[in-house]
Structures are given as structure tokens and as C-alpha cells.
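Engineer: Keeping their order, the protein sequence lines are chains A and B.
The opening position of the first sequence corresponds to residue 0 in numbering that gives the first Met the number 0, with each subsequent residue numbered one higher.
The opening position of the second sequence corresponds to residue 0 in numbering that gives the first Met the number 0, with each subsequent residue numbered one higher.
Warning: the hint list may mix true and false statements.
You can't tell identical chains apart in this list, so a pair holds if it fits in one copy or across any two.
[Said to hold, decoys possible] Below are the PhoX-like pairs computed for lysine-lysine, each with C-alpha atoms no more than 20 Å apart in a straight line: (1) Lys3 x Lys18; (2) Lys325 x Lys147; (3) Lys87 x Lys202; (4) Lys151 x Lys171; (5) Lys117 x Lys228; (6) Lys224 x Lys93; (7) Lys310 x Lys30; (8) Lys30 x Lys3; (9) Lys171 x Lys147; (10) Lys323 x Lys228.
FYI, nobody ran anything at the bench for these hints, they're computed from the structure.
Being a predicted model, the structure only gives us computed values, none of them experimental.
There are 2 protein chains.
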Amino acid sequence: MSYKLFIPGPIAVSEKTYKAMATPIVGHRSKDFQNLVASVEPRLKELLYTKDPVYLSTSSSWGVMEGSVRNLTNKAVLNCGNGAFSDKWFDVSKRCGKEAGFLSFEWGKPVDPEALEKELATNKYDVVTIVHNETSTGTMSDLGEISKVLKKFPDVVSVVDTVSSFTAVPIKKDELGIDVVVTGCQKALAIPPGLAFLSPSKKALERAATVEGRGYYFDFLEFEKNAEKNMTPSTPVISLIYALDSKLDDIFAEGFDKRFARHVENNNIVREWAYGYGFELLPEEKFGSKSLNCFKNTRNVDLPAVIADLKKRFNMVFDGGYGKLKGNTFRISNMGDETPETMRELLGNLDQILPAYLK
Amino acid sequence: MSYKLFIPGPIAVSEKTYKAMATPIVGHRSKDFQNLVASVEPRLKELLYTKDPVYLSTSSSWGVMEGSVRNLTNKAVLNCGNGAFSDKWFDVSKRCGKEAGFLSFEWGKPVDPEALEKELATNKYDVVTIVHNETSTGTMSDLGEISKVLKKFPDVVSVVDTVSSFTAVPIKKDELGIDVVVTGCQKALAIPPGLAFLSPSKKALERAATVEGRGYYFDFLEFEKNAEKNMTPSTPVISLIYALDSKLDDIFAEGFDKRFARHVENNNIVREWAYGYGFELLPEEKFGSKSLNCFKNTRNVDLPAVIADLKKRFNMVFDGGYGKLKGNTFRISNMGDETPETMRELLGNLDQILPAYLK
Chain A
0 MSYKLFIPGP IAVSEKTYKA MATPIVGHRS KDFQNLVASV EPRLKELLYT KDPVYLSTSS
60 SWGVMEGSVR NLTNKAVLNC GNGAFSDKWF DVSKRCGKEA GFLSFEWGKP VDPEALEKEL
120 ATNKYDVVTI VHNETSTGTM SDLGEISKVL KKFPDVVSVV DTVSSFTAVP IKKDELGIDV
180 VVTGCQKALA IPPGLAFLSP SKKALERAAT VEGRGYYFDF LEFEKNAEKN MTPSTPVISL
240 IYALDSKLDD IFAEGFDKRF ARHVENNNIV REWAYGYGFE LLPEEKFGSK SLNCFKNTRN
300 VDLPAVIADL KKRFNMVFDG GYGKLKGNTF RISNMGDETP ETMRELLGNL DQILPAYLK
Chain B
0 MSYKLFIPGP IAVSEKTYKA MATPIVGHRS KDFQNLVASV EPRLKELLYT KDPVYLSTSS
60 SWGVMEGSVR NLTNKAVLNC GNGAFSDKWF DVSKRCGKEA GFLSFEWGKP VDPEALEKEL
120 ATNKYDVVTI VHNETSTGTM SDLGEISKVL KKFPDVVSVV DTVSSFTAVP IKKDELGIDV
180 VVTGCQKALA IPPGLAFLSP SKKALERAAT VEGRGYYFDF LEFEKNAEKN MTPSTPVISL
240 IYALDSKLDD IFAEGFDKRF ARHVENNNIV REWAYGYGFE LLPEEKFGSK SLNCFKNTRN
300 VDLPAVIADL KKRFNMVFDG GYGKLKGNTF RISNMGDETP ETMRELLGNL DQILPAYLK
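Given only the sequences and the hints, what does the whole structure look like? Please build it.
Structural biologist: Shown next as C-alpha cells:
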């Protein structure tokens with residue numbers, strides 16, 4: 000019953016990665032583990048174009064997303080919401096007992112830099128959260144424009160979730176001046192889920208030092224103290240760090256520019272194919288994600304039936320819409336190890352199924 | 000450079016388990032994932048002899064240990080400390096901004112039920128934490144006697160960490176009346192680290208509903224809401240759940256009683272061997288852990304040298320003491336898949352090394 004995932008995460012994992020995960024476990028307080036961290040961490044920094052450290056968190060991305068709110072908020076956090084995950088961050092902030100404001104955009108719209116500037120100018124906030132690539136709607140906000148706004152508010156610590164854009168498109172953390180990047184492993188890195196990443200600026204660490212109730216498991220300063228020794232605060236998910244080490248070899252062998260170009264090419268192939276059937280992208284085209292596409296179900300296709308058929312006949316699956324968009328949109332991932340050839344294989348299979356479902 | 004771990008966690012992982020981890024990833028909102036949870040969860044309940052649910056947490060055990068403090072404490076938490084991990088729980092409680100009291104015992108001593116009763120009788124606490132098996136000192140407290148005390152304080156929610164005792168000795172949660180059991184996967188379950196477990200009573204869930212600031216990632220009620228659908232709140236560490244599924248097959252095939260007896264037999268073999276060299280157990284013998292042994296370095300052996308030698312010549316490692324006991328104690332794990340034969344193999348190798356180091 001094995002089948003290939005074209006859902007926007009978790010995604011298909013290579014045999015090479017699975018093999019890396021079977022590397023024998025070492026003690027997490029051993030020199031061997033320190034060497035493993037020393038192998039991955041500098042390369043994660045390069046991938047974020049940053050001098051800041053990158054911590055390894057044994058959790059899914061929500062762990063470090065919640066952790067950022069707990070570690071950074073003294074006054075209030077502004078959560079920018081334009082989809083299921085960014086909206087939920089507002090809910091999570093309140094559940095942490097933090098003062099929180101919500102800057103809401105229609106699902107499928109990007110974060111609007113002007114609206115952001117206006118809200119930050121109220122001076123109510125000391126933290127802001129933004130999801131770069133809203134996986135639920137396939138919408139990628141313009142970090143370049145957003146960062147111009149953020150730079151006008153040096154007392155606000157910015158947290159950007161790049162869960163489904165990291166390594167699919169360039170994210171130049173230092174140039175953008177983002178304080179904290181949080182991301183995960185099961186999207187473009189094509190590693191099984193369970194490992195998250197957190198890269199804080201010096202300013203973010205200084206802020207954390209002033210915040211009470213940070214706890215231990217996601218404490219930025221505890222991560223920092225351990226990272227200095229190439230260690231982690233708690234027992235880490237070692238097998239996935241082996242997988243990461245192997246995947247970084249691939250990424251550096253391919254080269255960043257080629258990798259980013261491959262994602263764009265994959266992405267365009269899917270768009271053109273869908274346009275051919277008369278489907279429209281949910282977001283405005285220039286804000287369409289490069290790691291997945293989210294299309295409106297403008298042809299009123301019975302999505303669960305198409306997906307079931309594809310799975311049964313071709314052992315592949317895509318996604319039939321998330322949350323309140325379920326049934327009204329569908330999403331096809333093109334991230335990770337996919338190539339124009341593998342994308343065309345999926346689309347060719349769909350060509351054999353889809354026409355029968357068109358109204 | 001592969002070698003076998005006899006440190007008290009993480010421990011050696013079988014080829015069968017690594018193979019299970021390479022099962023192709025499925026979407027975590029799919030029926031296939033729900034089926035996987037439905038396969039493991041009832042068996043975890045059986046292993047805890049409980050009718051309460053058992054949640055899967057994508058974290059190491061510290062995550063759910065901290066989560067328990069955040070979810071359950073309105074008034075104050077009493078942390079019983081008798082070693083590195085239980086002592087640290089007190090520190091973590093304070094870092095969560097909770098009122099916390101510390102009932103401290105000498106390292107190597109068990110939690111004393113009388114002292115516990117006296118402290119709880121002050122009526123200052125609504126939560127108490129106990130580490131069943133202090134991995135740092137190889138000391139196993141008497142849950143039977145402790146539970147008699149806990150039953151006298153029905154308003155106090157009890158949290159017991161069984162990280163290094165779960166599936167090595169029976170832990171009859173319902174009979175003991177423990178409210179919350181927290182545990183992990185990288186000790187006796189012999190799974191690579193990164194998956195933790197949390198089993199709360201109805202009373203614990205009711206308490207959680209009254210506590211502010213629980214957050215999201217370790218929120219008991221969020222776990223419960225998702226567990227009802229055989230799901231998890233956040234993207235789970237699917238590969239380790241596959242490993243768990245495979246390991247549970249082994250445990251149920253062997254039978255609980257045989258498994259527990261095997262751990263006792265392994266444990267006794269190591270004790271007798273060490274006594275033969277004149278080493279003494281750190282704790283009083285009846286409180287010695289059944290999953291590992293912690294010996295005083297009464298022969299003043301150069302532990303780092305012995306461990307390095309064993310690693311180099313025989314590709315095996317044990318542990319040279321934790322925290323403030325480093326160098327003064329050593330620990331040998333006998334948990335997981337080990338048998339009398341594999342324990343004797345380790346000890347036979349040590350017999351070829353140790354005599355040269357005795358003073």
C-alpha cells in the first residue's frame with residue numbers, strides 16, 4: 000500500500016534518506032554526536048544566508064513557533080494571518096497567555112506591507128509573526144517588501160515561518176534583517192517529520208533574556224548554551240539529524256541556484272498544466288508559492304474521487320484542500336527531490352483520470 | 000565507526016526497527032496514519048495496565064515533563080528530587096513561572112514515602128512529580144509505597160516519569176492510581192529518540208481544563224481532542240511511530256512477564272559480575288534499578304580510559320557517570336533487546352580490559 004506523496008508535506012522521502020536514518024545511534028552527549036551537529040549546523044546557516052546560529056529542535060514546527068511567542072513577548076505579539084497556519088498562530092499566542100493582536104487578510108492574499116506598517120505604528124507590539132509561505136493557500140508573501148517595513152521598527156522582534164519555503168526559494172535572513180526564522184524538515188528538505196529549526200538573531204536572544212516563563216524545552220537561551228558545544232538541550236531525534244546530514248550533502252552537490260531554479264521549473268509545469276484544464280490559481284499569480292500550487296476547483300471536480308482514483312491506479316496522492324478550503328481548492332506539491340520528469344509523470348497520470356470527472 | 004550502546008539511553012536499536020523506520024511516509028491527516036495510531040495506542044495502554052489514553056508526543060521526554068507542569072499546576076507543584084533528572088524537574092517548574100517546592104533526597108536514595116506524606120500534608124501543592132527510575136543514579140523508587148501516600152491526597156495530581164523503567168518492569172498505572180505517566184521511546188523500547196508518551200487520568204484532564212497558559216504544543220486537551228480521532232495535534236514523527244508499531248509486535252510476541260523476567264535476569268548478571276570485581280551498587284540493593292546498574296567506582300578505575308579501550312577493541316560503550324557523579328560511578332544498561340547472552344558478551348569483553356586498570 001505504498002504510494003508517493005505530492006501533498007504539501009510531509010512529502011516523498013528518498014531511499015538514500017531512509018538509509019541515512021538507519022545509521023547506528025550514538026549517545027547524544029558523545030563526541031560523535033557533537034561531530035554530527037558540527038557537520039549540519041554550518042550548512043544550515045549557509046542555507047539561510049546568516050551568521051546567526053541555527054538550533055535543532057526535536058519537535059514539529061509548531062513547537063518552535065509556540066516557543067518563539069513564549070520566548071520573545073513581553074508587551075504583545077502581532078500575528079499576521081492569511082491562511083490556516085498563520086491564523087492559528089494567533090490562537091496559539093493567546094493560549095500561551097500572551098497579549099496578542101491579529102492582522103487578518105483574506106485567505107489567498109499575501110501579508111500586505113502597508114497594513115503591517117500601519118499596525119506596527121500603533122506601538123502596541125514587541126513581536127510580530129509572519130508565515131512566509133502559507134501552505135494552506137499556496138500563497139507566498141513578499142519578504143523583501145515586508146522586511147523594509149520591519150526595519151522601521153527596530154524594537155519589534157520579527158519571527159518568520161519558512162516551513163514550506165526553506166530551501167525551495169532563497170531566504171536571505173541577514174540581508175532581510177529577520178530576527179527569527181523557524182522552519183521544519185518535512186517539506187522541501189524531504190525528510191520525515193519530527194525535526195524543526197530555529198535561527199535567532201542576537202537581538203532575539205537579548206529579548207529572550209528579559210522574558211519570564213520561557214520554560215525549558217523551547218528556551219532560546221538553553222538552545223544557545225548547548226549549541227555552543229554542538230549539543231541540544233534534550234535528547235535529540237538523532238535519526239532525522241542523520242537524514243539531514245545526508246540531505247545537505249545532496250543540496251550542496253546540486254548547488255543552491257540550481258535547486259531554486261528546479262523548484263521554479265517544477266512549479267511552472269504544474270501551473271501550465273492546470274491552466275490547460277481551466278483551473279485558476281487561488282492567489283494572484285505573483286504571490287503564488289514556488290513550492291506548491293493551490294488551485295481553485297473551478298471545474299467542480301469531485302476531488303476525493305480523483306485522489307482515490309489516482310492513488311488506486313498510480314500509487315500517487317495530492318491534496319484536496321485544507322481546512323475551510325477543503326473541496327474548493329486542491330494543492331500539488333513540487334518540492335524536495337521532484338524534477339520536471341517526476342512532475343510530468345504525476346500530471347500524465349492525472350491526464351488519464353481527470354477528463355472523466357470534468358463537468 | 001559503528002559501536003553498540005550499553006549506556007542507559009539511547010540504547011542499541013535493532014535492524015528490524017531501522018527497517019520499520021523506512022516504511023514510506025503517509026500524510027498525517029490520512030486514514031493510513033489513523034490506522035497506525037489505532038494499531039499502537041491500545042497496546043501502549045495495555046503496557047501501562049490502564050484504561051486512560053496514551054498520547055504520542057513528537058518530542059523527547061522533557062517536552063511532556065514540562066508540559067505536565069504547565070498543564071496541571073494552579074497552586075504549586077512539588078518536585079521530588081533524588082538525582083539529575085528529578086532535580087532538574089524542579090528547575091523546569093520554576094522556569095515555567097510556576098510556584099514550586101522541592102523535596103530533596105540524596106542522590107542514590109529513593110523517594111521516601113514518609114517524607115512525601117509529610118510535605119503533601121502541608122496542603123501547599125496541587126501537583127507532585129516523581130521520577131520512578133532515576134537514570135542518573137540507577138535508583139528505582141517504590142511506586143507501591145508511594146502510591147499509598149498519593150491516594151491520601153486526592154486533590155493532588157501525580158505525575159510519574161517512567162522514562163527508563165517503562166516496559167522493563169511492570170507499571171500498573173490504574174492500580175497504582177497514578178494520574179499522569181510520562182515516558183519516552185529511547186530506553187527499554189529501544190527506538191531511536193524523538194518520541195514521547197503521555198497518559199493522563201480523567202482527573203488530570205479535568206485539572207488541565209482549569210489551568211491558564213497551557214499553550215498548544217503540549218496541551219493535554221489538544222492531545223485528547225486529536226487522540227479521539229487517532230490523530231496528533233501537530234505533524235508527528237511518523238518514522239518513529241512505525242518503529243514503535245514494530246517494537247510492540249516484538250513485545251507482545253515475547254509476552255510481558257517473560258520480558259520483565261529477562262530484564263531482571265540481565266540486571267542480576269551485571270550486578271554479580273561487578274560484585275566479583277569489588278564494585279558496590281550506588282543505591283541500596285533493593286532500590287537498584289532493574290533496567291540499568293549504577294556502580295560506585297570503588298576500585299578507582301580510570302573510567303574514560305576503560306570506555307575508550309572497550310570502544311576501540313570491541314565496539315561497545317558503557318557510561319562513566321552522569322553530572323556530579325561523573326568519574327565516581329559507572330552505569331551499564333541492560334534494557335531493550337539485550338539478553339543474558341549479549342550481556343555476557345559485554346562483560347566478557349570487559350574482563351579482557353578491566354584487570355589492567357585495577358589499582
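Engineer: Does each hint fit the structure? Answer for all of them.
Structural biologist: Status of the hints after comparison with the structure:
1. In this assembly of identical chains, Lys3 and Lys18 lie within 20 Å of each other by CA distance both inside one copy and across copies; the values are 18 Å within and 18 Å between.
2. In this assembly of identical chains, the alpha carbons of Lys325 and Lys147 never lie at most 20 Å apart, being 34 Å within a copy and 52 Å across copies at closest.
3. For the identical chains of this complex, Lys87 and Lys202 are neighbours neither inside a copy (25 Å) nor across copies (28 Å), given an alpha-carbon limit of 20 Å.
4. Taking the shortest alpha-carbon separations for Lys151 and Lys171, only the intra-copy value of 18 Å comes in at or below 20 Å, while the best inter-copy value is 59 Å.
5. In this assembly of identical chains, Lys117 and Lys228 lie within 20 Å of each other by CA distance neither inside one copy nor across copies; the values are 42 Å within and 42 Å between.
6. In this homomeric assembly, Lys224 and Lys93 come within 20 Å of each other (Cα to Cα) only across copies, at 19 Å, whereas the closest approach inside a single copy is 28 Å.
7. Only between protomers do Lys310 and Lys30 lie at most 20 Å apart by alpha-carbon distance; the minimum there is 13 Å, versus 45 Å within a single protomer.
8. Taking the shortest alpha-carbon separations for Lys30 and Lys3, only the inter-copy value of 15 Å comes in at or below 20 Å, while the best intra-copy value is 37 Å.
9. In this assembly of identical chains, Lys171 and Lys147 lie within 20 Å of each other by CA distance solely inside one copy; the values are 14 Å within and 59 Å between copies.
10. Taking CA atoms no more than 20 Å apart as the test, Lys323 paired with Lys228 passes between copies only; the shortest distance there is 19 Å, against 45 Å inside one copy.
Hint compliance for this structure: hints 2, 3 and 5 are broken, all remaining hints hold.
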